[in-house]
Amino acid sequence: MDRAGKIRISLLILIIVVLASVSVFGDRYTKMLFMLIFLYMALGQFWNLLGGYSGLVSLGQQIFIGLGGYTLAVTVLNYNFPIWLGVLTGGIVCLVFALIISKAIFRMSGVYFSIGTWVVAESLAIWFSNWEYVEMGQGLFIKPAKLFSVSDIYYLSMIVGIGSVILVYFLLRSKLGLALMAMRDNPGASEVCGVSVFKNKLYCYLISSFGTGIVAGVLYMNIIFIQPNQAFGIDWTVALVFISIIGGIGTIEGPIIGAVVYVLLQQWLSNFSSASMLVLGIIAILIMLILPRGIMGTIQQKLGFEILSPRRYL
Amino acid sequence: MNEILATKHLSKSFGRVQAVADVSFAVRKGELLGVIGPNGAGKTSVFNLLTGVYPIDNGTISFQGQDITHMPVAGRSTMGLGRTFQIPRPFTGMTVYENLLVAATFAGGRKERECRDELSEILKLTHLWNYRNNFARSLPLLDRKRLELARGLATDPQLLLLDEIAGGLTEAEAAEVFNLIKAIQHRGVTIVWIEHIMSMMEATDRLLALAQGNSIICDTPKVVLNDPQVLEFYLGWSKKHEQ
Chain A
1 MDRAGKIRIS LLILIIVVLA SVSVFGDRYT KMLFMLIFLY MALGQFWNLL
51 GGYSGLVSLG QQIFIGLGGY TLAVTVLNYN FPIWLGVLTG GIVCLVFALI
101 ISKAIFRMSG VYFSIGTWVV AESLAIWFSN WEYVEMGQGL FIKPAKLFSV
151 SDIYYLSMIV GIGSVILVYF LLRSKLGLAL MAMRDNPGAS EVCGVSVFKN
201 KLYCYLISSF GTGIVAGVLY MNIIFIQPNQ AFGIDWTVAL VFISIIGGIG
251 TIEGPIIGAV VYVLLQQWLS NFSSASMLVL GIIAILIMLI LPRGIMGTIQ
301 QKLGFEILSP RRYL
Chain B
1 MNEILATKHL SKSFGRVQAV ADVSFAVRKG ELLGVIGPNG AGKTSVFNLL
51 TGVYPIDNGT ISFQGQDITH MPVAGRSTMG LGRTFQIPRP FTGMTVYENL
101 LVAATFAGGR KERECRDELS EILKLTHLWN YRNNFARSLP LLDRKRLELA
151 RGLATDPQLL LLDEIAGGLT EAEAAEVFNL IKAIQHRGVT IVWIEHIMSM
201 MEATDRLLAL AQGNSIICDT PKVVLNDPQV LEFYLGWSKK HEQ
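Protein chains in written order, with this note's numbering: chain A, 1 to 314; chain B, 1 to 243.
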């Protein structure tokens, strides 16, 4: 390993130790705040993988948040699955569902793809609201998750948060990552260079849906209660789009910065609940006008500075 | 005949506009075939049909003896059909080296460690070695054109389609690009080259002339440039004018 690699690993270990110590020294509020940042960071990474690298601007990422959460609830309540297995099953259900719907939604592109994914999410919300097996619109109380302490869920959130960043980093360093970055920059030219745009988009969609399903499981271990309109609501994707735009779409660091900004703003605006979405919207528009590449995207463009660089050098 | 590519009666319409009406020609292995024609003759459209960017309306394309008429774009480049774009399309958020690596990995089907030496050689040949770790978005026009060439070469092509690679360059820059193209030909790569600079087209092995979406003639530059139809369509000159 070269010097830069060693520094990077040391820095990562230091960050993990500092973040882990929050669970020991931090109060309940601080822990909850960090947990939210970790979870939104992970969800943002998986949305960014689609919107930022594959050109698949999904407005239906809540499909996998809802499915991941409901699978956890149903498996632990009705089949006595251990929680970890319920979370993992949620990821697998999301993966299979993504594979099934990909046949139809991949026939659409651009804004039609966005609307198509949203329609699937809304259909699921209606279906789950009328499905007796999941107690219809009344929702499910994931009782076994109450056995976990805040610290337990904090560590789990930290693992999925940091894990998602590491996963996306190594994904972008792989052959698939090379294709994704080329597709992000110019889909037409990438095809002429032998990249199968359809195949790589599909891989990306499957990875993103699986990851989102897993994160949703951990998220609902914390929320404990799941209800269709909330689980399959567009609010999730609005937050993820906001996080990616603010932080920097198509960058690994973007969703990290975006998640921090979003969670802090959300806390600050919690006293003005009716106006909070309006303020978030105005901030997003301003950022798009002033820094169209987001915070990290602008830093990269102006200074060529990257913390988590997937670059290959010769 | 030692043909690497052959097309028969290619046609393509966009609504009422017939971009390519009837184009048939063959490319011989190892040659440098120039393509000329006035604006709107269908030159770039033919390239888009050859590479699969546009689906074909009628006709057939065979490459290395295999029918590729309905093959996807990526499959054709994997077979050894490379191309450059008239307006460079670099992967701006990637480095120059990474641009080449995409082509070598996917079209060339090689692993990074297997192709590093070859990519170094291509970077040196195209005078991009000093910029190998720079972002492609930082390159000026001439270097972007070089990158188009370099990336086309990195696909390890049997046949390379060049679309006005010297367009927009100064005379000295264009001459440098021409030498580069000759060097690529000497490496054993067959080249089909669309260009408007006639002094360069005269130096090709053969010329294909297109007009109004039709192939008029394909022969040596001397024959093509003295063909009455070519003179009329391309140079706006006819015997009537002479009289």
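Simulated from the structure, these hints should not be mistaken for laboratory data.
One thing to keep in mind: the hints can contain errors.
Said to hold, decoys possible - With a Cα cut of at most 27 Å, we get these calculated DSSO-like pairs of lysine-lysine:
#1 K199(A) x K111(B)
#2 K175(A) x K8(B)
#3 K103(A) x K31(A)
#4 K6(A) x K111(B)
Said to hold, decoys possible - Heads up, incomplete: computed chain A residues facing chain B, CB under 7 Å, no partners named:
#5 L176
#6 G177
#7 L178
#8 L291
What you are looking at is a predicted structure, and each value in this text was computed from that prediction instead of being measured.
Beta carbons are placed, not taken as given, at the ideal position from N, Cα and C, and that holds for glycine.
Status of the hints after comparison with the structure:
1. At most 27 Å may separate the alpha-carbon atoms for a hinted pair to count; K199(A) and K111(B) meet this at roughly 19 Å.
2. Between K175(A) and K8(B), the direct Cα distance comes to roughly 37 Å. Violation of the 27 Å bound is thereby established for this hinted pair.
3. Distance restraint check for K103(A) and K31(A): the Cα-Cα separation of roughly 41 Å exceeds the 27 Å cut-off, and the hinted pair is therefore not satisfied.
4. A hinted pair counts as satisfied when its Cα atoms are at most 27 Å apart, and K6(A) with K111(B) qualifies at roughly 25 Å.
5. Look at L176(A): its Cβ only gets to about 11 Å from chain B, farther than 7 Å, so that hint breaks.
6. Residue-level restraint check for G177(A) is violated (minimum Cβ-Cβ distance to chain B is 10 Å; threshold 7 Å).
7. A hinted interface residue such as L178(A) counts as satisfied when its beta carbon comes closer than 7 Å to some beta carbon of chain B; here the least separation is about 5 Å, so the hint holds.
8. Here the hint on L291(A) is broken, as its CB sits about 16 Å from the closest CB of chain B, past 7 Å.
Hints 2, 3, 5, 6 and 8, counting from the list given before, are not met by this structure.
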